[in-house]
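Asker: Sequence:
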Amino acid sequence: MPEVTRDLLADLLDEIALLLELKGENPFKIRAYRNGAEVVRSFDGDIVQRAKDDDLKGIKGIGDALQQKLHELASTGLLEFHQNLKDEFPEGLFELLELQGLGPRKVKALYEELAIASLGALRRACEAGTVGALAGFGKKSEEKILTAIDAHERFSGRFLLAAVAPDAERILHLLRQHPAVNRAEIAGSYRRGKETVHDLDFLVATKEPATLTEFFARLEGTQEVLAQGSTKAAIHLQSGLQCDLRAISNAEWPFALMYFTGSKDHNVELRSRALKQKLTLNEYHLAPVEGAELEDPTPKIKEESEIYAEMGLQYIEPALRENRGEFKAAEEGALPRLVEQDNLRGTFHNHTTASDGRATLEEMANAAQELGLAYLGISDHSKSSFQANGLDEERLLAQVKAIRTLQTKFDDLDLYAGNEVDILRDGSLDFDDGILAQLDYVVASVHASFGLPEKEMTARLIKAMENPHVTMLGHLTGRLLLRRDPYLVNHEKIIDCAAETKTVIELNCSGKRMDMDWSWWRRARDRGVKCSINPDAHNVEGLQNLHFGIRVARKGWLRREDIVNCLSAVEMRNWLQTPKGQRD
DNA sequence: GCCGTTTTCGGCCCGACTGTTTTCAGTCG
Numbered sequence: 001m002p003e004v005t006r007d008l009l010a011d012l013l014d015e016i017a018l019l020l021e022l023k024g025e026n027p028f029k030i031r032a033y034r035n036g037a038e039v040v041r042s043f044d045g046d047i048v049q050r051a052k053d054d055d056l057k058g059i060k061g062i063g064d065a066l067q068q069k070l071h072e073l074a075s076t077g078l079l080e081f082h083q084n085l086k087d088e089f090p091e092g093l094f095e096l097l098e099l100q101g102l103g104p105r106k107v108k109a110l111y112e113e114l115a116i117a118s119l120g121a122l123r124r125a126c127e128a129g130t131v132g133a134l135a136g137f138g139k140k141s142e143e144k145i146l147t148a149i150d151a152h153e154r155f156s157g158r159f160l161l162a163a164v165a166p167d168a169e170r171i172l173h174l175l176r177q178h179p180a181v182n183r184a185e186i187a188g189s190y191r192r193g194k195e196t197v198h199d200l201d202f203l204v205a206t207k208e209p210a211t212l213t214e215f216f217a218r219l220e221g222t223q224e225v226l227a228q229g230s231t232k233a234a235i236h237l238q239s240g241l242q243c244d245l246r247a248i249s250n251a252e253w254p255f256a257l258m259y260f261t262g263s264k265d266h267n268v269e270l271r272s273r274a275l276k277q278k279l280t281l282n283e284y285h286l287a288p289v290e291g292a293e294l295e296d297p298t299p300k301i302k303e304e305s306e307i308y309a310e311m312g313l314q315y316i317e318p319a320l321r322e323n324r325g326e327f328k329a330a331e332e333g334a335l336p337r338l339v340e341q342d343n344l345r346g347t348f349h350n351h352t353t354a355s356d357g358r359a360t361l362e363e364m365a366n367a368a369q370e371l372g373l374a375y376l377g378i379s380d381h382s383k384s385s386f387q388a389n390g391l392d393e394e395r396l397l398a399q400v401k402a403i404r405t406l407q408t409k410f411d412d413l414d415l416y417a418g419n420e421v422d423i424l425r426d427g428s429l430d431f432d433d434g435i436l437a438q439l440d441y442v443v444a445s446v447h448a449s450f451g452l453p454e455k456e457m458t459a460r461l462i463k464a465m466e467n468p469h470v471t472m473l474g475h476l477t478g479r480l481l482l483r484r485d486p487y488l489v490n491h492e493k494i495i496d497c498a499a500e501t502k503t504v505i506e507l508n509c510s511g512k513r514m515d516m517d518w519s520w521w522r523r524a525r526d527r528g529v530k531c532s533i534n535p536d537a538h539n540v541e542g543l544q545n546l547h548f549g550i551r552v553a554r555k556g557w558l559r560r561e562d563i564v565n566c567l568s569a570v571e572m573r574n575w576l577q578t579p580k581g582q583r584d
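The opening residue of the first sequence carries number 1 in this note's numbering; numbering runs sequentially from there.
Treat the hints with caution; some may be incorrect.
[What the hints assert, rightly or not] Dumping the calculated DSSO-like pairs for lysine-lysine here, alpha-carbon to alpha-carbon at most 27 Å:
| # | residue 1 | residue 2 |
| --- | --- | --- |
| 1 | LYS29 | LYS60 |
| 2 | LYS29 | LYS52 |
| 3 | LYS232 | LYS264 |
Calculated from the structure, these hints are not laboratory results.
Turn these sequences into a full structure, and let the hints guide you.
Answerer: Here you go:
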């Protein structure tokens, strides 16, 4: 039986939704399952235990049917309803659904009419012309499907935030320079600060929309034009990244910016709130519903914030727009003042050539100074990470000495000597306390034995956090975005333990990690856990990732006061000298 | 399948683009 986790419950509900779509079920039933998955993902509490105990009553979005199914799944690890559904379709259909332009209806038709159930079979059928003969398909469809299969094979379809940022900012700059453009912005998940994006959504306010879609379709670096109309265009860049453009008028700007920023769930909630005020909201206006005796607020709204104001809400920052409690907070005027890039004063988890870094201690220090940081912590790997040339006791103590010596060359940059110490399989640490006590701080991380069951992995991390020398926990789940799944950890228990032991949790903002995930930070914050935004830099450029760390921290509702590396140099010195258990 | 300060039944957000169609279905966001 697979281990039952929150993600397992949520993913299974999503999969049911997909299967029901293939069956052609009632779309609202499908939505109910998708919504249920989201409720499970964002539930504040031990949803797995609640499901096991059949104690889900009263959770909004989880009705009788989902309660029963979640209970069955959590207590047995299986769900008969899901198994039966799954048996109706071959596995390969899921792959077909990932293709651009193919939805459940078309996949269903291909399967039922032509028995196509794999990418290979689909490619052959398109090449043979049998797909084009199908009702609802034609010559063009065959070509598009073949192109989509090619794209699918080349790219997984998602990209790291850090990887798309250069293209994103380049194109935004070009749009803003265009003489017919009044305003331009990148909306979508990029604006919301998601750690990976599927595409980039550009928005321009202009009097000449068709000129802009034309301009956009001819951008340098374009591999292929997917669509080009009078107000909308879509391209594939050579990197495989899809970029969409919407061209709208000045008057529509605030509505379109909000609409295309999403998230989808945020928009749905906003629209339904508008309806309760007898207003209808879309990407063009906020207008009274038909028959309502109300003044149309549209003409006076010039900025996004005024839409929220009109609906009696505090302005909700894009980072928070995930329908995870931001509406309730905005209603109560209780939204946090989010941390900003300027608030950051230093950083801790960084490597040098002493282990697997590519820059020397001195190069890293110079780079930190150039970035305007007030302090820099060095934490190379410990001896068990032999693959990363981890330091043994002798080399570590020599490094501490080197850091103290280098410090004499810097007046306005404090250097801290730390270590990224391996948490061994049983939760003990790679160095004994006598060694750790000689360091300014310690990051404790897992680098091996990823496959432990959740309970053991959680106990392993908790044991490490209970060590008084462990300042912070490094990359909590070890995930590598788009490459390696996180190992199993009970986030709730880790967060509670961090609060109790005053252990900081790292927000590892290496582009491929962004770990702990943004969705957990609000909970951690509410329990008084502090965050350290660390780039896990292995070279000088790696320090730049702090910028993305701030974006993800904002997404996690974090304020300046929740982040230890927003402390000033003096405050940090005091903080590190205070025994762990007595720290704020 | 979920939900209820209009409702326990009848709603559930909505518009642009494409291709296959002659008025619309499917997909996407």
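Asker: It remains to establish, for every hint, whether it holds in the given structure.
Answerer: A quick look at each hint next to the structure:
Simply put, LYS29 and LYS60 have alpha-carbon atoms about 15 Å apart, close enough for the 27 Å limit, and the pair holds. For a cut-off of 27 Å, the pair hint linking LYS29 to LYS52 stands: about 24 Å separates their Cα positions. Note on LYS232 and LYS264: the hinted pairing holds, with a Cα-Cα distance of about 19 Å set against a maximum of 27 Å.
Figure legend: structure checked against the earlier numbered hints; every hint is met.
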